[in-house]
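Chains as they are written, first to last, in this note's numbering: chain A, 1 to 440; chain B, 1001 to 1114; chain C, 2001 to 2135.
Just to be clear, a hint being listed does not mean it is correct.
If the Cβ cut is set under 7 angstroms, some of the chain B residues that face chain A in the computed set are [as the list claims (entries may be wrong)]:
(1) 1021
(2) 1024
(3) 1044
(4) 1046
(5) 1064
(6) 1066
None of these hints come from the bench; they were simulated from the model. Glycine included, every Cβ here is placed at the ideal spot set by N, Cα and C.
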Amino acid sequence: MATGYAPPSMYRSQEGMGIWEHRGKVAAVGVGHSPTERRWDERPETSVGAWSIMALRNAIADAGVSPDQVDGLVIVPATTTGAFWPKDKPLPQDVINSFVQTDDPLDGIAKLSVEWLLKNMPELTNINYSVYAPVCMSNALNVAAQAVGDGLAHTVLVLKAWHNLEGRYYQGGQNAQESIAGTSAMTSLWGAPACYGTALQFAEYCRKYGKDHDMMTPFIINSRRNGLMFPEGYWAQHRPEELTAEDYQLARWIAKPANLFDNDIPIMCAASYLFTTAERAKDMKQKPVYILNHADSDAVPRGLTPTLEEVEAECALTGRKIYEGAGITVDDLSFENMYDGFTQFHQFHIEGLGYRGIELGEALDFYQTDISIEGPNPVSPSGGNIGSGRSRFWMHTDSIQQLQGRAGGRQITGVNAEIGVSGGPMPLGGNYTVWSATPD
Amino acid sequence: MAILISFDIDGTMEIGDPPGPVTLKMVKAARAKGIITGSCSDRPMSAQRAIWEEYGIEYDFVCYKHLLSDLKNQFEVGEYFHVGDRDDLDRKYAIRAGFGFFWPAEAAENPLLL
Amino acid sequence: MKQGVIPDDLTAPFWSAANESKLVIQNCSQCDRLQHPPAADCGLCKSGDNLEWKEMSGTGRIYNYGVVHDCPIRLLQDDQPFNVAVIMLDDDPGIQMYSHLPGTPVDDVPVGSAVEVVFEESANGQKIPEWKVVK
Ligand SMILES: [Zn+2]
Chain A
1 MATGYAPPSM YRSQEGMGIW EHRGKVAAVG VGHSPTERRW DERPETSVGA WSIMALRNAI
61 ADAGVSPDQV DGLVIVPATT TGAFWPKDKP LPQDVINSFV QTDDPLDGIA KLSVEWLLKN
121 MPELTNINYS VYAPVCMSNA LNVAAQAVGD GLAHTVLVLK AWHNLEGRYY QGGQNAQESI
181 AGTSAMTSLW GAPACYGTAL QFAEYCRKYG KDHDMMTPFI INSRRNGLMF PEGYWAQHRP
241 EELTAEDYQL ARWIAKPANL FDNDIPIMCA ASYLFTTAER AKDMKQKPVY ILNHADSDAV
301 PRGLTPTLEE VEAECALTGR KIYEGAGITV DDLSFENMYD GFTQFHQFHI EGLGYRGIEL
361 GEALDFYQTD ISIEGPNPVS PSGGNIGSGR SRFWMHTDSI QQLQGRAGGR QITGVNAEIG
421 VSGGPMPLGG NYTVWSATPD
Chain B
1001 MAILISFDID GTMEIGDPPG PVTLKMVKAA RAKGIITGSC SDRPMSAQRA IWEEYGIEYD
1061 FVCYKHLLSD LKNQFEVGEY FHVGDRDDLD RKYAIRAGFG FFWPAEAAEN PLLL
Chain C
2001 MKQGVIPDDL TAPFWSAANE SKLVIQNCSQ CDRLQHPPAA DCGLCKSGDN LEWKEMSGTG
2061 RIYNYGVVHD CPIRLLQDDQ PFNVAVIMLD DDPGIQMYSH LPGTPVDDVP VGSAVEVVFE
2121 ESANGQKIPE WKVVK
C-alpha cells in the first residue's frame, strides 16, 4: 500500500461551499500523547518513532477500541522542529536495530512513514486507508475528518510527532556558511529570524491601532498559566515556571517587537487522536466530540512577507469559511483555541473570528479584560505553544477535552463548553476545525 | 576589592538544561569568599529566583543577559565577571557590559570558585 | 558582513546586474506582472515561457521594519542588533525587498521615507542591492 499526500479536493479552501456535507457525522473520541522532552537523548525508547507508537496506542486505549478496529491512518511524515540529522554523524545503530526498519535508516528517527509504523505496530492489522498530510496536526485533522466523512475509512488514527536534536535551533547548515546559493540569498541574506514576519505585522498593527508590546502581557501570562495545567506539556513536565509581567516585559528581543517569550520552545513530543463516524463513536469509551466543519487557508502573499492588510483580509475570510461550513455564528463559540506560536498573530486569528464581538484593532484591549478559563471569554484555554512548547497540537487536544468535560485544571468554567474552534498555524496558510459537544 | 560573578544557567550550571560544569558547590564557595553572586539567564527572572531558593543558595541578583550592564549600577565592585556557554549571547553581552568573561569549563577551574 | 552569494540558474541575471549596479526584477511579459523573489513560473499565469528581467528605477519606500537582536546567521551576529526593513519599490509597491538600511541608526527608522538602491559588497565580493534613506 503506497501512501501519498492528501489531494487538494479533501480541503475546504473556498468561501461559498455551504454547510460541510459531513457536518456532525464525524467525531473525535480518543486522545493519546507521548511525554515531552526538550531534545532527543538518543535512546531507542525516546525516539520519535517510539513516541509515535506510544501516542497511537494511547489514543486507541483512550477510545476503548481494539487495534484491529482501526482501518485508517493520517500522519504527518515530517517530524523536524528545524533540526536535521547531520550528514557526517554516524547513524545510531542501536536505535535502528531496536525497530523493524524500512529502506530509510532515518525513518522513525528524523522522519516517519506509514510503512514504518505498520511494521512496528503489528496489532494494526486492518489498515486499508493511509494518507500523508503536510506540516501540522491542524492539516492532518482536516484530512482525517474528510476521509471519515467520505467513507474512505471508518476509524482513523491521526498522528503528528516532532523530533528535536542537540544543538541550537537553525544555527547550523546554510546559516553557518560563508556563501549561500543565489535563490535562498534573495530572502535569507538579511538574517531575519523566523518570528520576523509576524513581528513586522505586529509592529504595523501597533502603529495603526495605537497599541504596544506590553499590552500582550496578559495573553502571555494566561497562556503559560493554562499550559502549566496541561499535564502533557513541556513546561508542566519539566520547568513549571509561571511568567510574570516583569519576566515578559524585560526579556531580550529576538526581532523587535518580538521578544524571547513571543517565541515558542522547540521540543520533542507526539500526539494522536482517534476519529470515527458519529455512529460508531456512540459505542466507544469517551464522549464523542463532533466535527462541524473544517476549513483551509491557502493564501500566498504577493511580497516577501504578508502585509497587515493581507493578514487581516485572510483571517476575516478564514473566519467566514469556518462559520459558513459549520452552520454557526460567532455567538455559538464557547471558546477559541487558535494558534499562538508566535504570540503576535493570535490577535489576528481571533479578530478574524470576531471572537466575542471584537473588531479589528481591539484584541489587545480585549486581552486586558478577563480572558481566563474561569471567565466568560476564555482565550486559548489550551495555553497553546506558549503554555506547553512547540507542538502545534495542544489546542486540538484541549478543544476535544474541553467538550468531553475532561480538560482537568484547564476546564473552562465561566461558560459551558459546547462549541470550540482550533487551528493554525499562520494567518496565511492554516487549517481549522470546528468541534461540538453535540452533532447538531 | 569586591568581585561580582554572574552565572548563566542552561549549558553552564549543573542544574541547567543541558547541564554544565559549574556546580552549586562552586557558587557556595564563591559566596564564602564574599563574592557577590547571582544568575543571568534566558530563564524568566521569577524562575531564576525560584531556582536559587529551591536549592537554598543565597543570591544577590537575577538578571537577563542583555541587562548585565545594569548590575554595574546596582553593585559597585572592583571586578565583574559573567560565566556562560554561548558566544553570541553570554560572551558578547559580557564584553559589551564591560564584564570579564569565562566559559563554563574555565570557571569550573578558577580559584574564585574553589 | 553579509554572506557571499553563489548565483544559480534562476537568479544569475539578478546577481550579475547587481554587480553592474543595476536592480532587475523578474517580470512576466504575458501578465505584465513583476515578481520577487524570482521563480521558475509566473505566480499568476503559472507559465515560465514569458519571464524576463526588467530594470527598476531603484527608488522605493520603507514599508516596515524590525530590529534583529538574535540572528541565526553567524556572519551577521557581530553586527547585532541591526535593522531589517522591508522596502516597497516605487515601480510596483507589491514588490518587496529586505534592507539593512545602511546609515540609518538602529531602531530609529523613518517608516514611509523614500529610499534609493545602493550596492554593497558581500563576503565573496558579490554585490547585493541595499537601500539608503534619501535625505
Ligand atoms: Zn504570467
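Hint check results:
1. With 7 angstroms as the threshold, the beta carbon of residue 1021 of chain B stays out of range of chain A, its nearest partner Cβ sitting at about 17 angstroms, so the hint is violated.
2. Hint on residue 1024 of chain B is violated. Least Cβ distance to chain A is approximately 18 angstroms, over the 7 angstroms limit.
3. For the restraint placing residue 1044 of chain B at the interface with chain A, the shortest Cβ-Cβ distance is roughly 4 angstroms, inside the 7 angstroms limit, so the hint holds.
4. Among the interface hints, the one on residue 1046 of chain B holds; its C-beta lies about 5 angstroms from the nearest C-beta in chain A, closer than the 7 angstroms criterion.
5. Using the Cβ-Cβ criterion of 7 angstroms, the hint placing residue 1064 of chain B at the interface with chain A is satisfied: the shortest such distance is roughly 6 angstroms.
6. At about 4 angstroms, the closest approach between the beta carbon of residue 1066 of chain B and any beta carbon in chain A falls short of 7 angstroms, and the interface hint on this residue holds.
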